Amino acid sequence: MEKNLDQIFADLKKVLPPDMPDFVQDAMVGIFRFLLAQ
Amino acid sequence: MEATLTTEALYNQRLARVEGAMNHTKTDRIPVLVMAETWVLAYAGKKIQDIQNDPQKELPCFEKMWKEIPMDVSFTGYFAREPKMYHSLNTEPYFYSKDGTTIQSREFAYMQAEDYPAIINDTKNYFYNKNLLIKYPALNLSYPQDAEALQKSFFEFLGVAQKIMGNPVIAKEKWGMPIIGGSAYVNAFDTLMDFFRGLPQMFSDLRRRPQDVLDACEALLPILIDSLFIMPIPPFPYILMPVHAPTYLTRAQFEKFFWPSFKKAHEEINKRGAKVFMAMEGCWDHVLDCLTDLPKDSIIAQVEATDIFKAKDIIGKDIGIAGGMPFALLKYGTKQECIDHAKKVIDHCAPGGGYIFTTDRVALAGNDFNVENLIAVNEFVQNYK
Chain V
1 MEKNLDQIFA DLKKVLPPDM PDFVQDAMVG IFRFLLAQ
Chain C
39 MEATLTTEAL YNQRLARVEG AMNHTKTDRI PVLVMAETWV LAYAGKKIQD IQNDPQKELP
99 CFEKMWKEIP MDVSFTGYFA REPKMYHSLN TEPYFYSKDG TTIQSREFAY MQAEDYPAII
159 NDTKNYFYNK NLLIKYPALN LSYPQDAEAL QKSFFEFLGV AQKIMGNPVI AKEKWGMPII
219 GGSAYVNAFD TLMDFFRGLP QMFSDLRRRP QDVLDACEAL LPILIDSLFI MPIPPFPYIL
279 MPVHAPTYLT RAQFEKFFWP SFKKAHEEIN KRGAKVFMAM EGCWDHVLDC LTDLPKDSII
339 AQVEATDIFK AKDIIGKDIG IAGGMPFALL KYGTKQECID HAKKVIDHCA PGGGYIFTTD
399 RVALAGNDFN VENLIAVNEF VQNYK
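In order, the protein sequence lines correspond to chains V and C.
Okay, so the first sequence: first residue is 1 according to my numbering, each after it adds one.
Okay, so the second sequence: first residue is 39 according to my numbering, each after it adds one.
These are calculated hints, taken from the structure and not from any lab test.
All the given hints hold, so there is nothing to weed out.
Heads up, incomplete: computed chain V residues facing chain C, CB under 8 Å, no partners named:
id: 1; residue: Asn-4
id: 2; residue: Gly-30
id: 3; residue: Arg-33
Where chain V lies over chain C, by a calculated footprint (3+ residues, C-beta under 8 Å):
id: 4; segment: 163 to 171
id: 5; segment: 264 to 272
Model, not experiment: these values are computed from the prediction.
Glycine residues also receive a C-beta, built at the ideal position from the N, C-alpha and C atoms.
Work out the full structure: start from the sequences and follow the hints.
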């Protein structure tokens, strides 16, 4: 079965400032994951 | 007159010239764009090793250019790709050149032909999961080694993000300098070619798997658009769209494989209120007329080897044109030869608006051109009526 990377990407939000809005945290991780894909 | 303006007024004046070129409206004069990336290092007397451990050291190199070179708008204000972001993942798609002057890339595409059904039918999972496992060996390690490698890469990314968000603000507030290139969009065909199949395999696919190529481009399109709008896109800077493939395609291949997903992307971007600065890499002479189908006043097309006079005649009423000054002439010509050429280009491209004066390529290395010639032509253009 193929490994799923969702959890280790989600865990990256823990290193972002806690006062950063959740949607911005999601966007930062999302952009990072997209950049790695491209 | 610019020296008497406040920084804010200077920025607004320069931006108005750029927006005039996008919208084909009358402006006080033609805007001058300087397209430079790692060239700014050489111009500042630096090499990559002087700045590689502190991304913030890039900014003073750009600031020297903004201060000393006559210009209205800058292509960028940071280096977008950070090679160190990939080191902890045990890969090197981007690397510093041996002479320490530029950041280079190598082909980094590992998708096998038998993976077409997966990228077509399970696109998101393939794009964001399997693709990453193929490209980055460190992500195949056991936990927590995989997470630790990813986190190191993420820290490097955050340094890049800080530059991307911060440097344009400094350019605006300290130097009154607009940065034209914002969020980047690589179209579906180029994405499939550059980041998944690779150029030789892609051209084999066009003959052996034509429907798979079409279906994969269609499948990738929503992911690419969604990722572009993951954060709100302001009216300026424009979406930076480098386009690689058309110069390699016949007209028939362009129309069949490239155009459908490319046109849909432009229409969607336009519908969402964003505008595009498109770097038309190579020569597009054979397909220029197709571009008249794209939304009017929504694109500035920077031409490289395309005939700029032909581009102005065919697409210039609908699409802004940027370019006209060849690196080769700036490097080997005299000042007068460069100025004479600039005058010829402006006389043809400026009437009717929709024109930005700039070079045919992005400057990367210090010897790409003779900077004294660039200063001379930019000064000429800024004073030419």
